[in-house]
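Protein chains in written order, with numbering that gives the first Met the number 0: chain C, 0 to 256; chain P, 0 to 236.
Hints may be right or wrong, so weigh each one.
Label pairs and their in silico Cβ distance ranges [as the list claims (entries may be wrong)]:
| # | chain 1 | residue 1 | chain 2 | residue 2 | range |
| --- | --- | --- | --- | --- | --- |
| 1 | P | Ala226 | C | Tyr94 | 39 to 49 Å |
| 2 | P | Pro159 | C | Val252 | 43 to 53 Å |
| 3 | P | Asn13 | C | Arg111 | 29 to 39 Å |
| 4 | C | Val252 | P | Gly117 | 30 to 40 Å |
Bear in mind the hints are in silico, worked out from the structure with no lab data behind them.
A virtual CB, placed ideally from N, CA and C, is assigned to each residue, including glycine.
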Amino acid sequence: MSAPAPTRKPRPVAAVRFGDILAAERIKIITLPAAWFAMAVASGAGTLLGIIAATDAVRIAGPGGPIPVARLGTLLLAPAYAFVSIAVFAAGSEYRGGQLRVSLAAAPDRNRLFAAKLTVSATLSLVASIPAVLPGYVLQHSAAVHAWERGAFVGFLALIAAYLLLSLIGHGFAVIAKSAITPLAVLFIAPFLISPALRSILPQVVRFLPHEAALSLLKLPVDPATALGPRAGLLVLAAWAAASVAAAWTVFVRAES
Amino acid sequence: MIEIKGLSKHYRNNRAVDDITFTAEPGHVTGFLGPNGAGKSSTLRILLGLDAATSGQALIGGKRYRDLRHPLRTVGALLDGAGPVPERRAIDHLSWIAQSNRISRGRVREVLDLVGLGEAARRRVKKYSLGMKQRLGIAAALLGEPEVLILDEPVNGLDPDGIRWVRTFLRDYAAAGRTVLLSSHLMTEMAGTADAVVIINRGRVVSQGSLAEVTAGHATLETAFFALTGDRIGPRW
Ligand SMILES: Nc1ncnc2c1ncn2[C@@H]1O[C@H](COP(=O)(O)OP(=O)(O)OP(=O)(O)O)[C@@H](O)[C@H]1O
Ligand SMILES: [Mg+2]
Numbered sequence: 000m001s002a003p004a005p006t007r008k009p010r011p012v013a014a015v016r017f018g019d020i021l022a023a024e025r026i027k028i029i030t031l032p033a034a035w036f037a038m039a040v041a042s043g044a045g046t047l048l049g050i051i052a053a054t055d056a057v058r059i060a061g062p063g064g065p066i067p068v069a070r071l072g073t074l075l076l077a078p079a080y081a082f083v084s085i086a087v088f089a090a091g092s093e094y095r096g097g098q099l100r101v102s103l104a105a106a107p108d109r110n111r112l113f114a115a116k117l118t119v120s121a122t123l124s125l126v127a128s129i130p131a132v133l134p135g136y137v138l139q140h141s142a143a144v145h146a147w148e149r150g151a152f153v154g155f156l157a158l159i160a161a162y163l164l165l166s167l168i169g170h171g172f173a174v175i176a177k178s179a180i181t182p183l184a185v186l187f188i189a190p191f192l193i194s195p196a197l198r199s200i201l202p203q204v205v206r207f208l209p210h211e212a213a214l215s216l217l218k219l220p221v222d223p224a225t226a227l228g229p230r231a232g233l234l235v236l237a238a239w240a241a242a243s244v245a246a247a248w249t250v251f252v253r254a255e256s
Numbered sequence: 000m001i002e003i004k005g006l007s008k009h010y011r012n013n014r015a016v017d018d019i020t021f022t023a024e025p026g027h028v029t030g031f032l033g034p035n036g037a038g039k040s041s042t043l044r045i046l047l048g049l050d051a052a053t054s055g056q057a058l059i060g061g062k063r064y065r066d067l068r069h070p071l072r073t074v075g076a077l078l079d080g081a082g083p084v085p086e087r088r089a090i091d092h093l094s095w096i097a098q099s100n101r102i103s104r105g106r107v108r109e110v111l112d113l114v115g116l117g118e119a120a121r122r123r124v125k126k127y128s129l130g131m132k133q134r135l136g137i138a139a140a141l142l143g144e145p146e147v148l149i150l151d152e153p154v155n156g157l158d159p160d161g162i163r164w165v166r167t168f169l170r171d172y173a174a175a176g177r178t179v180l181l182s183s184h185l186m187t188e189m190a191g192t193a194d195a196v197v198i199i200n201r202g203r204v205v206s207q208g209s210l211a212e213v214t215a216g217h218a219t220l221e222t223a224f225f226a227l228t229g230d231r232i233g234p235r236w
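Work out the full structure: start from the sequences and follow the hints.
Laid out in structure tokens, this is it:
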């Protein structure tokens, strides 16, 4: 350590603004290696699935014969869960190494801090979802995209909406769980283990779960007989996101560090 | 100036902080001493607005921490259980902290050099040694050139050279008219750094005053500490 610096005159003090906290939150996310890793996995897997679905090179055995990958909603939506971890890490990393206490010392107003982090997490997720989704989507729907069909555009927007809303659900969940691991485990396990087990017993309930609502929105339901329509799917998914964020906000403002 | 007035913090039926009152004045290094579990970190967390007090007040320059307009330019803190995400690089950790309070990027470099981490600035914190992490925490506390420094066991993990640096630095910092409050277990270290002392045990103040007043009638600060806290500590070693 070097000799102590001589005392200086205090520098002119500029007021701390909400924008400063937003900028700080942005640095937090983009300097997190896990966020970049999640982005790479999501776009890589999305592109790969787009190619497979487009060429129909692989079919998966189903009860009624082989199913083309393009009809397997759960598989096609799998990259979204890698993508969701960007928001989950953004929120959950506060609870790693005791960063939250540093964050609160820098921005003591818990409402302000929560709002800033949520804004940045949602904005970066929205911006990142475009490069994450676009290559795979264009490859899979190349004919429709080249013909500038309206349906191709709507389908793309639906996919972006699904990515964003699932990210918000993950963000809120991470704040409530005070970790990144629990929400990722639950969000990933639910569609593959919990939903299939419940589907035969409680189909009316399962269709309201986030993953199933997202598949309805994307017109790729697992069980078309009981599934919601695309609009209802969007509404249900948005309701989950709102509930998750609202619960997280309440918990965050009341919690002790 | 730091004012703690009748501060209490109860966890279920544990009175971690029980009606503590003391002040830390500008121009002095105030040592905050007490055995493990005495309530030092709990007091400092309330002072920083991280936890809510059960009753009483903790003020900095007459204000609650959360009401400060420029928190990091007013108060620099090193707290127990507060630190960087291990995967982040040290420079990135300091950069977001600086950005959140409109502190220049140049200052990030300055504090890194000041604590001797200039060379290691681009390494991930999980590859840091204990002492390096501690130095990073001190660098973060100094970012805003604050009027008040609150350090919870700052010399934890530091080598002799680092300890000497902290001692000189804090004395000079206080000599320039600023307020320094630090907790420590190292009595000889504290005796060489602090000029005012507050000793707490089981959440209550057992002695406070200038170093000379608290040590009066005892050979050293350490014997004073044991005399004041020793026979009342819960677990026996
Ligand atoms: N979040 C918490 N929930 C319940 N009890 C707590 C909590 N934090 C601290 N305590 C209790 O409060 C008491 C004071 O703890 P504190 O960490 O303030 O002590 P300390 O003086 O900093 O000790 P040390 O020297 O070991 O750092 C202890 O009995 C501890 O168990
Ligand atoms: Mg402590």
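Hint-by-hint comparison with the structure:
no.: 1; hint: P:Ala226 x C:Tyr94: 39 to 49 Å; in the structure: 41 Å, holds
no.: 2; hint: P:Pro159 x C:Val252: 43 to 53 Å; in the structure: 44 Å, holds
no.: 3; hint: P:Asn13 x C:Arg111: 29 to 39 Å; in the structure: 32 Å, holds
no.: 4; hint: C:Val252 x P:Gly117: 30 to 40 Å; in the structure: 39 Å, holds
In summary, the structure agrees with every hint in the numbered list given earlier.
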